[in-house]
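Residue numbers (the UniProt record's numbering), protein chains in the order written: chain A, 1 to 698; chain B, 1 to 698.
Be aware that a few hints might be false.
All copies of an identical chain are treated as equivalent in the list; a pair is satisfied when it fits inside any one copy or across any two copies.
As the list claims (entries may be wrong) - Dumping the calculated BS3-like pairs for lysine-lysine here, alpha-carbon to alpha-carbon at most 27 Å:
| id | residue 1 | residue 2 |
| --- | --- | --- |
| 1 | 208 | 326 |
| 2 | 448 | 219 |
| 3 | 384 | 326 |
| 4 | 219 | 326 |
| 5 | 295 | 448 |
| 6 | 211 | 326 |
| 7 | 323 | 295 |
| 8 | 326 | 448 |
| 9 | 211 | 323 |
| 10 | 295 | 34 |
| 11 | 323 | 34 |
| 12 | 384 | 211 |
| 13 | 219 | 34 |
To be clear, the hints were calculated from the coordinates, so they are not data collected in a lab.
2 protein chains.
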Amino acid sequence: MALPVLPLLLLLEAGGLRAAERSSSAMEEIATEKEAEESHRQDSVSLLTFILLLTLTILTIWLFKHRRVRFLHETGLAMIYGLIVGVILRYGTPSTSGHDKPFSCSQENRPFTTLLVNVSGKFFEYTLKGEISPGKIHNVEQNDMLRKVTFDPEVFFNILLPPIIFHAGYSLKKRHFFRNLGSLLAYAFLGTAVSCFIIGNLMYGVVKLMKLVGQLSGKFYYTDCLLFGAIISATDPVTVLAIFNELHADVDLYALLFGESVLNDAVAIVLSSSIVAYQPTGENTHAFDAAAFFKSVGVFLGIFSGSFMMGAVTGVVTALVTKFTKLHCFPLLETALFFLMSWSTFLLAEACGFTGVVAVLFCGITQAHYTYNNLSVESRSRTKQLFEVLHFLAENFIFSYMGLALFTFQKHIFSPVFIIGAFVAIFLGRAAHIYPLSFLLNLGRRHKISWNFQHMMMFSGLRGAMAFALAIRDTATYSRQMMFSTTLLIVFFTVWIVGGGTTPMLSWLNIRVGDHVPLAEEMNESRWLYFRVGVDPDQDPPPTNDSFQVLQGDGPDSERRNRTKQESAWLFRLWYSFDHNYLKPILTHSGPPLTTTLPSWCGLIARCLTSPQVYDNQEQLREEDSDFILNDGDLTVTYGDTTITANGSSGPHTATTSLDGRRTKSSSEEALERDLGAADYEVTSRGTRLVFPLEDNA
Amino acid sequence: MALPVLPLLLLLEAGGLRAAERSSSAMEEIATEKEAEESHRQDSVSLLTFILLLTLTILTIWLFKHRRVRFLHETGLAMIYGLIVGVILRYGTPSTSGHDKPFSCSQENRPFTTLLVNVSGKFFEYTLKGEISPGKIHNVEQNDMLRKVTFDPEVFFNILLPPIIFHAGYSLKKRHFFRNLGSLLAYAFLGTAVSCFIIGNLMYGVVKLMKLVGQLSGKFYYTDCLLFGAIISATDPVTVLAIFNELHADVDLYALLFGESVLNDAVAIVLSSSIVAYQPTGENTHAFDAAAFFKSVGVFLGIFSGSFMMGAVTGVVTALVTKFTKLHCFPLLETALFFLMSWSTFLLAEACGFTGVVAVLFCGITQAHYTYNNLSVESRSRTKQLFEVLHFLAENFIFSYMGLALFTFQKHIFSPVFIIGAFVAIFLGRAAHIYPLSFLLNLGRRHKISWNFQHMMMFSGLRGAMAFALAIRDTATYSRQMMFSTTLLIVFFTVWIVGGGTTPMLSWLNIRVGDHVPLAEEMNESRWLYFRVGVDPDQDPPPTNDSFQVLQGDGPDSERRNRTKQESAWLFRLWYSFDHNYLKPILTHSGPPLTTTLPSWCGLIARCLTSPQVYDNQEQLREEDSDFILNDGDLTVTYGDTTITANGSSGPHTATTSLDGRRTKSSSEEALERDLGAADYEVTSRGTRLVFPLEDNA
């Protein structure tokens with residue numbers, strides 16, 4: 001584990017020179033200072049370039065939103081601006097660097113991460129930046145500006161990805177996510193694996209073909225192909241989802257797409273790690289090896305579950321800290337703590353050899369599920385807004401960078417055969433991912449995933465930030481460089497073409513969009529006022545006439561109830577009751593008091609862990625508004641006549657939260673049913689008598 | 001300007017080796033991959049270290065606030081935790097790196113920023129990290145972890161300082177700032193220059209002494225001493241101000257301290273640049289040179305005014321963009337734009353060779369003065385909260401890093417004589433800065449700066465983040481390294497000792513604190529609920545019984561009015577009327593319509609630039625609540641009987657803003673008077689008839 005990073009000491013025995021230098025050292029110092037200053041200025045200019053790019057993107061986004069342009073998403077826009085700037089930097093800036101005569105010295109035959117160079121008695125430290133393919137040496141030397149705008153790939157992984165992924169987890173719509181959990185897990189795990197293997201094998205064929213034709217000028221192993229399959233299997237339908245959100249398209253399709261892509265990313269990143277882990281077994285074995293394969297599967301499971309645990313644990317720790325301290329009196333401290341803890345999950349996982357992205361995703365989900373409830377009102381909006389801004393900036397930065405990288409990245413290898421092969425492969429891979437799996441899932445699902453939905457999912461398989469970050473992470477070898485260039489092109493193509501085609505596709509596939517917002521109609525100003533870019537945690541797209549059941553033709557009510565039943569398998573029900581009876585009361589101020597759910601011999605612990613507010617809630621419940629209490633008796637009596645099915649509107653999150661406290665007397669089973677079905681049976685206003693239409697045949 | 005960064009090509013002619021290598025290249029690749037992985041893990045661990053440090057700091061801050069501990073500020077705390085972790089890293093981690101045999105190769109006699117090394121046919125790029133003093137080579141090699149936690153100084157300048165400085169500008173209390181502008185400018189410009197020269201000269205004496213005693217083992221020129229003077233003249237009374245805020249100490253003293261330190265930082269940083277610029281004139285001239293001196297003064301003025309302009313221009317551009325687009329419909333976009341524009345000021349200034357810190361400071365002031373009024377309500381709170389969190393994290397990070405750097409920084413040179421000399425010098429420098437200047441200012445000021453205030457200002461000359469960032473920026477030479485180590489110790493000492501002594505000092509000097517909050521009494525919970533760390537832009541410390549006039553013994557009312565008159569010199573009045581009549585209407589939605597203030601031949605432009613809301617405001621004013629209109633006639637009639645002098649409370653900022661629209665009919669002179677005096681004559685509620693007690697003898 002503690003593999004040493006060997007620094008190399010290059011000593012220049014500058015013999016007789018030393019005396020002569022002393023006198024000129026003042027001039028030297030000044031020159032060094034000037035150089036450092038110049039370097040600083042270039043750093044500033046390169047950062048400034050990106051900031052201006054983002055500013056331009058923001059202004060254009062605003063203009064697009066203002067003019068209701070929907071054929072190009074902000075990320076596509078960011079890429080276009082990036083491309084333009086990339087072209088300017090590449091062909092517009094003069095080559096500023098001189099060229100020194102080459103020096104010879106003896107050195108060991110592997111590179112070191114750190115180099116110590118003795119220049120006339122002074123020691124200078126150099127750090128390894130990366131390998132440069134021999135043909136590109138000239139480019140590297142000639143343009144400092146190009147080098148400056150090329151970021152360390154670690155920046156993407158340690159700085160830019162965490163907020164994006166965390167935001168996805170934090171804003172995940174629990175209800176829809178859990179309702180489709182089975183399908184989502186199947187799509188994510190099985191689907192990504194299938195996609196990865198199919199793309200990998202197809203690409204291996206392409207590579208073999210290229211070797212035959214003589215177009216391959218470097219090594220390209222089978223494992224490299226598989227790695228490419230894993231990298232490119234990470235879908236990122238950010239564009240499609242933004243349009244869904246905007247048009248209030250079908251909520252279940254939204255949940256399927258969003259959930260799939262989020263989990264997909266997590267699976268793809270772990271898959272790529274385990275493929276990398278597969279490589280070093282044996283001497284020259286880039287062929288298949290059963291033992292190594294199972295080892296890789298083990299690595300996959302280990303990394304995934306480890307990352308999952310790490311994310312969940314950090315979330316739980318944050319929840320406990322926010323519950324048992326009075327940090328909520330100081331929203332600034334609370335927000336800062338929340339931010340730091342969430343980021344530390346990422347780093348902790350990376351430091352332990354797990355996958356930070358997966359950890360931070362599950363941390364986000366845990367934070368939203370538990371910690372969020374403990375935060376002060378101000379911190380809730382602060383954390384959401386903070387991560388929203390960070391996510392927005394990071395995402396647009398990555399997409400701008402992608403555009404820029406097409407021209408400024410200096411190790412591109414574009415192979416037409418490989419690129420065309422890759423496009424065919426991702427198409428087939430996506431098809432093999434979606435259609436067979438949907439068929440299998442439909443065997444088990446009561447509410448089938450319709451053909452139109454399948455087509456839409458097939459269509460929405462965009463590649464984005466995650467594929468790019470995975471591809472740029474390592475561009476040291478020939479095969480990796482070719483993969484990177486191809487990935488870049490795939491991202492461009494899918495984001496522009498597919499992203500732009502979402503609206504026509506939706507109408508072509510007859511997928512219903514929001515009740516009151518016909519597809520072609522302009523949205524009114526007030527709607528736009530609260531429109532937010534990306535995914536909004538609070539605001540569900542209002543449920544539409546349910547496409548599932550309409551397409552199935554079953555009776556609406558029984559179908560709904562069955563679905564609720566169907567999706568909540570026994571394992572999930574077990575988890576839910578555990579969560580409701582123990583985790584929620586321990587980690588938050590809501591749920592039933594632990595003193596009632598834990599066995600009596602745990603009395604002391606239960607009393608310590610239960611928040612006093614829980615009792616308060618119970619007291620209130622009993623004394624004041626007994627009308628609102630929901631229990632079995634109440635429901636079976638009132639069900640049938642006073643049911644309010646508020647189909648057209650979804651209450652804001654806060655309303656749901658405020659109801660939480662009032663549900664404490666009912667059993668976890670009921671709570672589960674309500675939570676799962678709540679999207680359809682949302683209550684319009686608090687003044688109305690709240691009755692949830694549960695199953696009468698339960 | 002376009003000094004080329006020369007890359008150096010080190011070619012390894014590895015002759016016969018090449019064939020043998022090919023076979024082992026697979027193993028090599030794996031080794032390189034492993035190394036990269038290890039390096040990534042170490043990066044994560046080092047970031048994690050800081051995050052955990054910050055988390056710990058936050059929790060302890062909470063505990064301190066909860067228990068009302070006030071002897072140690074959060075920044076002092078962050079430093080202590082940093083120190084502890086530094087000790088652990090230094091002495092607790094094993095030396096992981098091996099040691100290779102030294103290599104010899106011929107190279108030119110100056111370092112290059114980029115190194116290309118040819119290792120067995122592959123090219124690797126290395127970047128210069130810095131010089132290492134010969135004695136320290138062993139340390140450098142031995143501990144990777146120490147190297148990993150040592151950040152590039154550019155991180156401080158490009159990432160951490162901007163939010164801190166911007167926040168200072170954005171949260172500057174305009175009123176108090178402008179009321180004391182003359183004194184503040186005197187303290188900042190004259191004072192910092194005096195302090196710099198006195199410290200520089202004293203230190204030169206110390207250095208001479210050290211040379212005599214034989215304690216100096218490197219070069220230390222007069223300009224280095226002056227540079228040290230400039231670096232250490234940047235005061236940062238963050239601790240003191242936090243306590244002032246908490247105790248609601250005298251608002252004028254607060255304004256003097258805060259304004260002085262903010263401008264001080266700006267002057268010190270430009271001063272240090274111009275001293276660096278002074279150095280290279282001539283061949284061996286580290287002595288005084290009149291021509292070079294005036295050139296330096298020119299550089300100083302050029303850089304300062306350039307930076308000032310740049311900051312103001314970016315602020316103005318942002319104001320125009322937010323005024324003329326409807327970005328306020330999309331708070332996320334608005335906030336992102338605001339953030340990016342503000343940061344770009346910094347980078348733009350740096351890229352142009354100006355000083356980013358100064359630019360970002362004036363950008364912050366401009367943004368607060370104009371752009372803030374154009375933002376949507378949500379964006380106002382978003383931007384404030386965003387910068388608050390960023391400022392909080394950045395500041396605590398810097399202070400943690402300082403603690404850490406004492407042990408992990410590898411180029412420390414501690415010289416007891418120099419350190420003691422420096423402490424004496426900063427004491428004398430501060431004294432020569434405060435007392436004579438205050439004496440001179442008191443000659444011109446009606447409301448004198450009392451002795452107690454002078455003592456408090458003398459006492460509050462803490463050194464903090466800015467001095468540290470200036471010192472760490474360049475640690476290449478012997479003298480700079482010694483300066484850095486000394487600066488670090490000075491920061492530690494002043495933050496801990498002086499910061500901890502603020503509360504006793506306040507009571508010892510009889511400086512009054514908030515009306516209802518006696519010094520020793522516990523503050524009640526509700527007060528703490530809204531307490532925020534650092535400086536709050538919205539909330540003035542409630543004006544106390546004005547210490548100035550009490551100490552002077554003049555009649556309270558005439559004194560107040562005279563002060564208003566006094567402080568607003570003709571230049572300032574000119575600026576104010578220009579701002580009120582032209583800038584505010586052009587850049588924001590408030591102020592009088594340009595059609596009334598501009599000459600008639602500008603009619604078209606005036607109509608284009610004037611926001612329709614201004615007319616609306618005027619209409620409303622005329623038709624509906626004529627009661628609220630304030631003009632000369634009204635005031636002189638009503639003044640004297642219905643005056644409301646709400647001394648005990650300061651209205652929130654929003655109230656003041658909403659009043660802006662209603663003041664449009666009155667002249668700019670009046671508005672000025674009111675704005676300057678508004679702290680004392682704040683109005684309690686909007687329901688009350690609003691009458692401002694202006695001067696009756698005007």
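Which holds for residue 208 with residue 326 at a C-alpha limit of 27 Å: within a copy, between copies, both or neither? Answer is neither; intra-copy 64 Å and inter-copy 56 Å both fail.
How would you label the pair residue 211, residue 323 (within, between, both, or neither) given a Cα cut-off of 27 Å? Close neither inside one copy (61 Å) nor across copies (60 Å); limit 27 Å.
Is it within, between, both, or neither for residue 211 and residue 326, if the alpha carbons may be no more than 27 Å apart? neither (66 Å within a copy, 57 Å between copies)
Evaluate residue 384 and residue 326 at a C-alpha cut-off of 27 Å and name the case that applies: within, between, both or neither. Result: close both inside a copy and across copies, 20 Å intra and 23 Å inter.
Indicate which option fits the pair residue 323, residue 295 if close means a Cα-Cα distance not exceeding 27 Å: within, between, both or neither. neither (41 Å within a copy, 61 Å between copies)
Within a copy, between copies, both or neither: where do residue 326 and residue 448 come within 27 Å Cα-Cα? neither (48 Å within a copy, 44 Å between copies)
First find the shortest C-alpha distance between residue 323 and residue 34 inside one copy, then the shortest across copies, and answer within, between, both or neither for a cut-off of 27 Å. So residue 323 and residue 34 fail the 27 Å test inside a copy (53 Å) and across (41 Å) alike.
My question is about residue 384 and residue 211: at a cut-off of 27 Å on alpha-carbon distance, are they close within one copy, between copies, both, or neither? The answer is neither: 51 Å in one copy and 59 Å across copies each exceed 27 Å.
Status of residue 34 relative to residue 219 across identical chains (alpha carbons, at most 27 Å): Intra 43 Å, inter 19 Å, cutoff 27 Å: inter-copy only.
When Cα atoms must be at most 27 Å apart, do residue 295 and residue 34 count as within-copy, between-copy, both, or neither? between (54 Å within a copy, 18 Å between copies)
Is it within, between, both or neither when you check residue 448 against residue 219 at 27 Å Cα-Cα? Intra 45 Å, inter 81 Å, cutoff 27 Å: neither.
How would you classify residue 219 and residue 326 at a CA-CA limit of 27 Å: within, between, both, or neither? neither (59 Å within a copy, 54 Å between copies)
Taken one by one, the earlier hints fail for this structure at numbers 1, 2, 4, 5, 6, 7, 8, 9, 11 and 12, listed in ascending order.
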